[in-house]
Amino acid sequence: MLKSASDGTSSTQSRPGGGLEQWAERHLRYLMLAPTVLILLALTIFPSLYMFYAAVHKISPNPDLPWEFVGAGNFARLLSDAQFHVALRNTIVFTVVAVTIEFLLGLGLALLLDKFIRRLTFLKTVLMVPMMLPPIAVAITWKLIYEPQFGVLNEIMYRLGLPLQAWAGDVNLAMFSIIVADVWQWTPFIFLLMLAGLASLPVEPYEAAALDGASSWRQFWDLTIPFLKPVIAIALLLRVMDALRLFDLVFILTGGGPADRTKVLSLYIYQVAYRFADPGYAAAISLFVLFVTIVLSTWFMKRMRLAD
Amino acid sequence: MVRKLFLTLAAAASALAISGAAWADITVLVPSGSEGDGLRAAAADYAKMKGTKVETVQAPYANVFEQGANAGATKSGVFDIVLMDDPWIPFFAENGHLEDLTPFFKNAGLEGPDNDFLSKSLAICRNPYNSGPYVCLPYVGNAQMFFYDAAKYKEAGVEAPKTWDDVLKASKALTEGGGGRYFGYVFRGGQGNPVVADFMPIFWSYGADLFNADRSKVTIDTPEGAAAMKTFMALRDVSPKGVESYNANEVGTALAAGTSASSINWPNWVATFEDPSQSKMVGKISYSPIPAGTKPGSSEIGHWTMGIMSASKNKQEAFDFMLWATSPEQIKISAERGNPPVRASVFTDPELTKQEKFRHYPVLMEAIQASTPRPRHPKWPEIENAFGIELSKAVAGTITPEEALKNSQTAVEQITGLK
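Residue numbers (my numbering), protein chains in the order written: chain A, 1 to 308; chain B, 1 to 419.
Misleading hints may appear alongside valid ones.
To be verified - Straight-line Cα separation of at most 27 Å, DSSO-like style, residue types lysine-lysine; simulated pairs:
#	chain 1	residue 1	chain 2	residue 2
1	B	K379	A	K58
2	A	K58	B	K75
3	B	K162	B	K284
4	A	K58	B	K217
5	B	K230	B	K169
6	B	K284	B	K354
7	A	K58	B	K419
Treat the hints as calculated values from the structure; they're not laboratory data.
So that you can see chain A by itself, here it is in the shape it has in the complex (with noise of 0.2 Å):
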């Protein structure tokens, strides 16, 4: 297109009203683009332009009662919320918990299986269907197994000679449980990102290292984790920014409960949004979500691209 142009034959010369499609070619590259604009403006911009209005807003679930100006108080409030403190503890608690454990899992079984997966296709596939599952399905499957009178893990403690457990309804347990539902959900998703990494190792440092006598732990602590940085920094990125929004464990298996110990952020926002009819203070927490979302990825590519 843009070669006709250049040639100097325009179009309207050699078609008799063809402005429209003269214009249409000179304009063509914005108008490749609008429907991506357009979808994104729909989509992400004015949806995000709107939380921050919202959030400076005080909103009536009565539709005939003006939105009130609040300016900062949604966030002022924020600071004394004693619910907002203990759900962004959990959170706080259950990301680090949560992921950490999956990243050692996932790395370590992509290290031991690294040399044999190639002959071991069915047990990739195996290994990856727990994050194939939809979240919902998953969640009832563990309030299932859960279950402290019918469920298949209390029942296996009755035949051991253990003591029976209340997983998700014991204070001291109930988040264990959740952590235990995801990390089984999402190491696979660690897993195959590191796979990935290995698979894509060049051969000679390790040839080199083993010449010069290095140990199997000093080529990992030397060779593969400077080399898997970026992999780890993108794996560690994309778990943690999902595991800030957790919210289909904690709904089926726990609600929040028992004694608050598992209500998490995603949770509350929910809770204030659509069961207390409050979106103004919704917005504001989830703008605070975002904030700390924003801040941990900029942090992540920084390291990333230290690790280049």
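Position chain B relative to chain A; hints supplied.
Just chain B, lined up with the frame of chain A:
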């Protein structure tokens, strides 16, 4: 080529518009489960009989509130009728989402709903409670009952439990002899709505309530509240480990499987308990009104009611459908579909009462007449959440029962602005 594409798109859009308009004359938002299924079946009958197409949109319990509230707040008019749980009525009515039914009754030549409806069923449909105009009509007559295994209770030395002390005596003996696999009592201890729903009848049966009569003062942290909490904690101690996360399904399953001897429960579980494919306890579970504490027992009313959304564009058609669906004939059909009735004539209909599966009707009618509504407050969902957190903490043992009452008092005062 482009012209052809436009023509095709235009034809498709027209077809969609026509079919969309013809899709339904009125749209009803209903919950999943027997209540929604019953109304969906009624809607299909209505379409056949009257030619008015009624589309039902089913959603899980919590989502019905959210979708209804969202439709109300945005004046979308997407739903003409919402089948509401009765504690939601003040929220919907006081935020202008519900239509006052008075002019529709007048147009129909009626003063209001007829006297065959139970008085407690009608009282919740008025806003303010029992005094204001009707904003909905009752459809499903839920009120909690006390369910117990009479044979097991007899073994434990209690013939028919009349008081919470009777329940505790039998439950303690049964749990102690149960070897960790059988329990005298079971309840919904899950944080939020579940634990509040199972605590309220005990709360009331000791003369306690969340507010005083004119709703000007929060009255949770009182001697009456403390007495109720003491019984609740004693019941927890004879219940299975894990009730801290239990909701209706877990409690119903424990009773149907015969691993727990008693509980407070909703009447729609009777069908499950009497179904041999789902229950080991067919014919073995007895029903009674809520036991007494220091005051007569009172169950929580939990009716499903139909209201017209203010933004509806088909209000008259919606009212006609509601009036038809709540008629004696239709409430009887609804009862046969498994939904407890709201009319005295259906509760006492010999065709129903002679059937074994409706043997709980006299008890249920008594329970509805002696029931108490959850506090009629537009911020009830928030109040229930705060109270539910503190009750959950007490059940889990992270705070004392006294702290739970004190914290609940403070939290509800903050939410409502009352002192």
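Results of checking the hints against the structure:
no. : hint            : verdict
1   : K379/B - K58/A  : holds (15 Å)
2   : K58/A - K75/B   : holds (18 Å)
3   : K162/B - K284/B : holds (18 Å)
4   : K58/A - K217/B  : holds (26 Å)
5   : K230/B - K169/B : holds (14 Å)
6   : K284/B - K354/B : holds (18 Å)
7   : K58/A - K419/B  : holds (23 Å)
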